[in-house]
Amino acid sequence: ETGVTQSPTHLIKTRGQQVTLRCSSQSGHNTVSWYQQALGQGPQFIFQYYREEENGRGNFPPRFSGLQFPNYSSELNVNALELDDSALYLCASSLESGSPSDTQYFGPGTRLTVL
Amino acid sequence: AQSVTQLGSHVSVSEGALVLLRCNYSSSVPPYLFWYVQYPNQGLQLLLKYTSAATLVKGINGFEAEFKKSETSFHLTKPSAHMSDAAEYFCAVINNNAGNMLTFGGGTRLMVKP
Numbered sequence: 007e008t009g010v011t012q013s014p015t016h017l018i019k020t021r022g023q024q025v026t027l028r029c030s031s032q033s034g035h036n037t038v039s040w041y042q043q044a045l046g047q048g049p050q051f052i053f054q055y056y057r058e059e060e061n062g063r064g065n066f067p068p069r070f071s072g073l074q075f076p077n078y079s080s081e082l083n084v085n086a087l088e089l090d091d092s093a094l095y096l097c098a099s100s101l102e103s104g105s106p107s108d109t110q111y112f113g114p115g116t117r118l119t120v121l
Numbered sequence: 003a004q005s006v007t008q009l010g011s012h013v014s015v016s017e018g019a020l021v022l023l024r025c026n027y028s029s030s031v032p033p034y035l036f037w038y039v040q041y042p043n044q045g046l047q048l049l050l051k052y053t054s055a056a057t058l059v060k061g062i063n064g065f066e067a068e069f070k071k072s073e074t075s076f077h078l079t080k081p082s083a084h085m086s087d088a089a090e091y092f093c094a095v096i097n098n099n100a101g102n103m104l105t106f107g108g109g110t111r112l113m114v115k116p
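Chains as they are written, first to last, in the working numbering: chain A, 7 to 121; chain B, 3 to 116.
Hints were generated in silico from the structure; no laboratory data involved. Be a bit skeptical, because a hint or two may be false.
Computed footprint of chain B on chain A; a stretch qualifies when at least three of its residues, placed anywhere within it, have a C-beta under 8 Å from a C-beta of chain B [what the hints assert, rightly or not]: (1) 17-31; (2) 109-116.
Partial list, computed: chain A residues near chain B (C-beta under 8 Å) [unchecked claim]: (3) Gly62; (4) Gly64; (5) Asn83; (6) Leu96; (7) Pro106.
Short derived list, chain A residues pointing at chain B, Cβ under 10 Å [what the hints assert, rightly or not]: (8) Ser13; (9) His35; (10) Thr37; (11) Arg63; (12) Cys97; (13) Ala98; (14) Ser105; (15) Val120; (16) Leu121.
All figures in this text were calculated on a predicted structure; none of them were measured in a lab. For each residue, glycine too, the CB sits at the ideal point set by N, CA and C.
Please work from the sequences and hints to get the whole structure.
Okay, structure coming up:
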């Protein structure tokens, strides 16, 4: 049990729609990262937020966006869904952004299916 | 940029046998390395991490890994496999070019035969 929760557990959308995924970090964790895990692959970094500002971004288009709130919750928004967006979306929280040795604690993920 | 490669997408061992999951890294700077485990339909759980202290790192559930700079390796081992060890295992390296993001290997699925 990492103390990181995500909602919803599963979600089905159609191509072209928009989706919002939610994450609640451990209390006191100022950094949240989002990852996309396609079936049979390792997770890929989408972006990271630190104290409500984007702090780093992977190789994902601008239709992937995020928000982080002062209450340790965060959102991942995806616009204009494509079939290839079908994946498990994981959020991970950590204490601070500056320490590379800081452990990232993962939530259980949201399984998104795009039809 | 730092990266990791996991050799063997599937590994099968008998219960009680040695578990060896291989991970090689590529990094121009001293790396921070991690092993995570993922059980079916769950998120990732940290097994252990290397942060430039002791080269032999002990983790949870009897797992350990040894950092070998000369071989650029960080292989995960467990002396005696248990049925409950069946899961997907991911090696990862911190890439601090983009907010300390984790870069994962492709994963190794461990199967344990009774």
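Evaluated hints:
Counting residues of the segment 17-31 of chain A whose C-beta sits closer than 8 Å to any C-beta of chain B gives 0, which falls short of three, so the coverage hint is violated. Residues of the segment 109-116 of chain A with a Cβ under 8 Å from some Cβ of chain B number 7, which satisfies the need for three, so the listed coverage holds. Given hint, glycine 62 of chain A at the interface with chain B, holds; its Cβ is 2 Å from that chain's nearest Cβ, closer than 8 Å. Nearest Cβ of chain B to the Cβ of glycine 64 of chain A: about 6 Å, under the 8 Å cut. The hint holds.
Taking 8 Å as the C-beta contact cut-off toward chain B, the hint placing asparagine 83 of chain A at the interface is violated, the least distance being around 18 Å. Contact between leucine 96 of chain A and chain B, as hinted, is supported at the beta carbon level, the nearest pair being about 6 Å apart and thus within 8 Å. Interface restraint check for proline 106 of chain A: the shortest CB-CB distance to chain B comes to about 4 Å, inside 8 Å, so the restraint holds. A hinted interface residue such as serine 13 of chain A counts as satisfied when its beta carbon comes closer than 10 Å to some beta carbon of chain B; here the least separation is about 13 Å, so the hint is violated.
With a least beta-carbon distance of about 13 Å to chain B, the hint placing histidine 35 of chain A at the interface is violated under the 10 Å criterion. Look at threonine 37 of chain A: its Cβ gets to within about 8 Å of chain B, closer than 10 Å, so that hint holds up. Taking 10 Å as the C-beta contact cut-off toward chain B, the hint placing arginine 63 of chain A at the interface holds, the least distance being around 6 Å. This hint holds: cysteine 97 of chain A has a C-beta 9 Å from the nearest C-beta of chain B, less than the 10 Å allowed.
Against a cut-off of 10 Å between C-beta atoms, the interface hint on alanine 98 of chain A holds, since the closest Cβ of chain B lies about 8 Å away. Interface restraint check: serine 105 of chain A against chain B, minimum CB-CB distance 7 Å, threshold 10 Å, status holds. Because the closest C-beta pair between valine 120 of chain A and chain B is about 19 Å apart, greater than 10 Å, the hint is violated. With a least beta-carbon distance of about 20 Å to chain B, the hint placing leucine 121 of chain A at the interface is violated under the 10 Å criterion.
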